[in-house]
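Engineer: Now for the letters of each chain:
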Amino acid sequence: MSMPDSPNEPAPEEAPILLDLAIQKQLKAFRLEVDLRLRADQGHVVVLFGPSGSGKTMTLHCIAGVTDPEAGYIAVGGRPVFDSRNGLNVKLPERRVGYLPQNYALFPHLKVTENIGFGLFSWEKKRAESRIRELITLMQLDGLEKRYPRELSGGQQQRVALARALAPEPAILLLDEPFSALDAAIRAELRQNLALLSRELALPVVFITHDLEEAYMLADRIAVYDRGQILQYDSREEVFYRPATKEVARLVGIRNLWEGRVLTLRQEERLVQVATSFGAMWVTLPSTQALPEPGSMVTLCLRPERVRLLPLAQPTQAADAPPNRYSGRLVNEVARGSLHTLFFRPDIASEFNLGEAENINRISSIQLPDLELEVTAQHYTDLMRSNPTNWQVEIAPAAVHLVPA
Amino acid sequence: MDKPTTTYPQFDEANDQLPKGHSLASIRVETGVSNVASSAHPSHPSLLDYPRLKRRINPNVIWLSLAGSVMLLFLLIPILALLFRSVADGALGTFLTTPAVAEALRLSLITTALTLILAIVLGTPLAYLLARHRFPGYGIIDTFLDLPMVLPPAVAGIALLLTLGRRGWVGQWLDQQFGVTIGFTTLAVVLAQLFVAAPFFIKAAKAGFEAVDQNLETVAASLGSRSLRTFWRITVPLSLPALLGGIVMTWARALGEFGATIMFAGNFMGKTQTMPLAIYASFDGSGGLNEAVTLSVILVIVSFAVLLIFKALSRYGARAWSMVEEVSLDGKAASINSSKPEA
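Keeping their order, the protein sequence lines are chains R and G.
FYI, the numbering for the first sequence is 146 to 550, going by this note's numbering.
FYI, the numbering for the second sequence is 274 to 616, going by this note's numbering.
One thing to keep in mind: the hints can contain errors.
[Stated by the list, open to error] Some chain R residues close to chain G (C-beta under 7 Å, calculated; not the full set): (1) Ala220; (2) Leu237; (3) His254; (4) Ala316; (5) Trp403; (6) Val407.
Derived from the structure by calculation, the hints contain no laboratory data.
Please read these numbers as outputs of a predicted model, since none were measured by experiment.
Even for Gly, the Cβ is constructed at its ideal location relative to N, Cα and C.
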């Protein structure tokens, strides 16, 4: 089931619903149950994000009309196309969907212009020609009109496929992992193009990916899939920085997840002190999130790029007030081109004497979890200049997110 | 360097080899560059000093050619003998205009053409169904389609007699209700040919349709194209080589049909005596060997020509088809445009 929209978002009834989806489908042991609604004021690009085999493509196929859900309701741009209550099932040719499968499925025996114009057979010839012309310009395909698909590069093929899908002015654009077949450099470029294009087009776009960066870059809203269910459906910021559950946190690449126990609360500042395996940590909760009970177990989520790494200037203060500071050592590093992933192992400081926290500490301190953090290559170079041996990390209370344990 | 340098060897390495602040990644890049440089090592002579490798014929090719020529000659010599004999005796000229020969050729061309049309019209939907859908009994039907290809044509003849002959299940009914007799008519020839030859087309078409990416049809449909248009504009052009191959096989099988025809349709000149039957008849009786030779040579020439044409067609098939489509569409568009006064 999808999560309800967060209460801080206004829900104006007048905003048109671009996509409305409530479907279920059983395929052997796999069960798909999806409930998803996109309102025009929430943006128009929905990314279906999740591991392969989680039901993303099946959802897309149901919207397109390639497969039929067992039961449910689908409306595209306010027009119902499937409704099992009254047997409505608009067939693929009448659904007016721009569908782009993973391999683009360009017609190999047709030239670029013929591919783009394939859906314009019922248009008047002059109008069809000018539409093709328009799309060739929009997709920067000038000069390639007479080529066959096999004579095009992967990126060009994708642009032709997009142009072909857009040509008959569909009500929605459905893209199934459009970048998976491309190499990294072209992928980045096309991604950017598509991000711009989808902003330009006044057209709802549903987009499948299992690439995090891609999801964040292109989405207005993200539906996180796992095993046929949507675990969370929300704005990309909410999904990325405020995942609803531990599972979502894992799926959206939050590498630092720790168990902790709530120690104290500062209601007026919305601060929560949580005992973790390497010390007490202050967490600021947004007004939308209810404060946990003291003593309850929680999971702390922290994105690797939200940690600040500093050379250790002076011994760490006891973490009884924000910000959170921990001293420790770097135990490993992975260079990833523009980014460096560093693994930080906090020291268990002697001044760490918060009674209850210590109990937790004793239980789980046999193998301390390393803190994974990410710095840019430039920042890394700057940090290494003085060749420090001891480090400390600073974690802003607002950077940490709490989910139920 | 104290504690941490011993704990983290990669830092140590970085400090040893590079100015401070460089990462492992940059070390890797630099070693990569030096590897490239070493490929033009000075201890090797210049590439120009290496002699060219002498090309030798692969010994396997020799053995394969020897064994292959035996087979090839066995297949080729009888055909050449036939051609030689027909020219040497002047038989070709004398018998070409004999009514028996002319009639047989005419009948063969007409019946095989009809068979082909029926096989395509009735076989294509079945082939498409089998290519795109799975249902209970699929395997049985698929295997059943192979049966006419394996069975001796005589069995097919008997089976057809039992069904469509004057006393057959369907034939009896047709006779009583409509006074229609199929056995021993030209229609019987066509049916006999269809029975043994149609599976060749169905099989080939099925394989051809299966090879067309279903995504293409799905996308075509999403672009508003209905099934029939998608079939003509996408599926057929892309499976054209396979379809043409199936057509050739079917036609060839129909042209050579003898056993089922002689049993179900008989051997009446001008009515059911096709080329193979005429060859047998003349060899056996009236015309003698020369007429049989003439008929055979005609069959060889016609078959060879048709095979060549189809081979060429299937090679350029898909493209030729899309060009034909383009022309006809342009023509249509032009006629629509010309009929409307332009604004």
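Engineer: Hint by hint, say whether it matches the structure.
Structural biologist: Here's how the hints hold up against the structure:
no.	hint	in the structure
1	Ala220	violated (17 Å)
2	Leu237	holds (4 Å)
3	His254	holds (5 Å)
4	Ala316	violated (11 Å)
5	Trp403	violated (23 Å)
6	Val407	violated (34 Å)
Checked against the numbered hints listed earlier, the structure breaks hints 1, 4, 5 and 6; every other hint is satisfied.
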